[in-house]
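S.K.: What follows is each chain in one-letter form.
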Amino acid sequence: MKAHLSRRYLFSASHRLHSEAMTKEENQTTYGKCNNPFGHGHNYTVEVTVSGQVDAKTGMVCNLTDLDTFIEKEILARYDHENLNMLPEFAQEVPTTENLCIRIYEIVQRGFRFAHLERVRLEETMMNSFEYAG
Amino acid sequence: MVYLTRKAEFSASHLYHNPDFTAEENRRVFGKCNNPNGHGHNYTLEVTVKGEVDPRSGFVVDLKQLKEIMHREVLDAMDHRFLNKEVPEFLHQIPTTENIAIAIWQRLNAKLTAAKLHCVRVYETPDLFVDFYGEK
Numbered sequence: 001m002k003a004h005l006s007r008r009y010l011f012s013a014s015h016r017l018h019s020e021a022m023t024k025e026e027n028q029t030t031y032g033k034c035n036n037p038f039g040h041g042h043n044y045t046v047e048v049t050v051s052g053q054v055d056a057k058t059g060m061v062c063n064l065t066d067l068d069t070f071i072e073k074e075i076l077a078r079y080d081h082e083n084l085n086m087l088p089e090f091a092q093e094v095p096t097t098e099n100l101c102i103r104i105y106e107i108v109q110r111g112f113r114f115a116h117l118e119r120v121r122l123e124e125t126m127m128n129s130f131e132y133a134g
Numbered sequence: 001m002v003y004l005t006r007k008a009e010f011s012a013s014h015l016y017h018n019p020d021f022t023a024e025e026n027r028r029v030f031g032k033c034n035n036p037n038g039h040g041h042n043y044t045l046e047v048t049v050k051g052e053v054d055p056r057s058g059f060v061v062d063l064k065q066l067k068e069i070m071h072r073e074v075l076d077a078m079d080h081r082f083l084n085k086e087v088p089e090f091l092h093q094i095p096t097t098e099n100i101a102i103a104i105w106q107r108l109n110a111k112l113t114a115a116k117l118h119c120v121r122v123y124e125t126p127d128l129f130v131d132f133y134g135e136k
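One line per chain: the protein sequences are A and B, in this order.
This note's numbering applies: residue 1 is where the first sequence begins, and numbers increase by one.
This note's numbering applies: residue 1 is where the second sequence begins, and numbers increase by one.
Read the hints as simulated data drawn from the structure, not as lab findings.
A hint or two may mislead.
Restricting the straight-line Cα-Cα distance to at most 30 Å, the calculated cross-link-like pairs of lysine-lysine (BS3-like) are [unchecked claim]:
no. : chain 1 : residue 1 : chain 2 : residue 2
1   : B       : K32       : B       : K50
2   : B       : K111      : B       : K32
3   : A       : K33       : B       : K85
4   : B       : K116      : B       : K32
5   : B       : K32       : A       : K73
6   : B       : K67       : A       : K57
7   : A       : K2        : A       : K73
8   : B       : K64       : A       : K57
9   : B       : K85       : A       : K24
10  : B       : K64       : B       : K32
11  : B       : K50       : A       : K24
12  : B       : K7        : B       : K85
13  : B       : K111      : A       : K24
14  : B       : K50       : B       : K67
15  : A       : K24       : B       : K136
16  : B       : K67       : A       : K24
17  : A       : K73       : B       : K111
18  : B       : K32       : B       : K67
19  : B       : K136      : B       : K111
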């Protein structure tokens, strides 16, 4: 039997939405308050969904400890309490929640070996969320 | 096709233990969940059914019937129970969230006639849930 397991994690980070490809006015029109040069922050919730056959010996798609350890090391340690604009992946790319969602998906997709990654859902606030499934 | 989701809550205790594992293996694989005295959760169940909207009633399914089936087949059996000892599926199978979702699917799928079961989602905590779509 194939089941989907989802786990939610919290991290807090700051960012500024600003594109070098746009004029000052365009940036302000496009990003509004998010273009504030000093940045601002969010409490993000990342929801990771993996899938696979339920192991008959353990009753699990994958051991939650393996997923938690991976996310802690590769995602939370990387993004929690950071300024996203200072990170190499956002040196050339605007750290919108869309782009952050894709980066997180890519990290999990590349590195997590214990189950198949289905999707990453990223909530920027309780009102905004983004999903990426590759 | 329209999808309809009904939520319910139940509280139950369980433990994770495989009798084929050594005591050390059980502790390593299952961690705190291997406590022999068990522990409990408030589970949230979301049952999603799908179907065409009946032109006479405007319903995908009669919600009252769905609620009754969920109560009879799932909540009466699992709410305020020790899953390992009181629910037949878990006498010989570990009551992980995965297996609970599968067991609930099998219980409901056998009884639902008016609409087709699409997904059973079981939240063990607000931060951990399993979806089962009936896939082999």
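S.K.: Hints first: check each against the structure and report whether it holds.
M.R.: Consistency of the hints with the structure:
1. Between B/K32 and B/K50 the alpha-carbon distance is near 38 Å, which puts this suggested pair outside the 30 Å criterion.
2. A C-alpha spacing of about 35 Å is found between B/K111 and B/K32, which places the hinted pair above 30 Å, so the restraint is violated.
3. Using a Cα cut-off of 30 Å, the hinted pair A/K33 and B/K85 is violated, with the two alpha carbons roughly 56 Å apart.
4. A threshold of 30 Å between alpha carbons decides the hint, and for B/K116 with B/K32 the separation of about 37 Å lies outside it, so the pair is violated.
5. For the hint linking B/K32 to A/K73, the alpha-carbon distance of about 21 Å falls within 30 Å, and the restraint holds.
6. Taking the CA atoms of B/K67 and A/K57, the gap is near 33 Å; set against the 30 Å cutoff, the hint is violated.
7. For a cut-off of 30 Å, the pair hint linking A/K2 to A/K73 stands: about 27 Å separates their Cα positions.
8. With a CA separation close to 38 Å, the supplied pair B/K64 and A/K57 exceeds the 30 Å bound.
9. Taken as a hint, the B/K85 and A/K24 pair is broken in the structure, with Cα atoms around 66 Å apart against an allowance of 30 Å.
10. Restraint check: the Cα-Cα separation between B/K64 and B/K32 comes to about 39 Å, which exceeds 30 Å; the hinted pair is violated.
11. Taking the CA atoms of B/K50 and A/K24, the gap is about 49 Å. The hint is violated against a cut of 30 Å.
12. Using a Cα cut-off of 30 Å, the hinted pair B/K7 and B/K85 holds, with the two alpha carbons roughly 25 Å apart.
13. Among the hinted pairs, B/K111 with A/K24 is inconsistent with the structure: their alpha-carbon atoms are about 62 Å apart, more than 30 Å.
14. Our distance criterion of 30 Å between C-alpha atoms is met by B/K50 and B/K67, whose separation comes to about 15 Å.
15. The suggested pairing of A/K24 with B/K136 is violated, with an alpha-carbon distance near 55 Å, which exceeds 30 Å.
16. Distance check on the hinted pair: B/K67 and A/K24 sit about 56 Å apart at the alpha-carbon level, beyond 30 Å; violated.
17. Between the alpha carbons of A/K73 and B/K111 the distance comes to roughly 45 Å, so the proposed pair goes past 30 Å and is violated.
18. Pair hint B/K32 plus B/K67 does not hold up; C-alpha atoms about 34 Å apart against a cutoff of 30 Å.
19. Straight-line distance between C-alpha atoms of B/K136 and B/K111 comes to about 19 Å, which keeps the hinted pair within the 30 Å bound.
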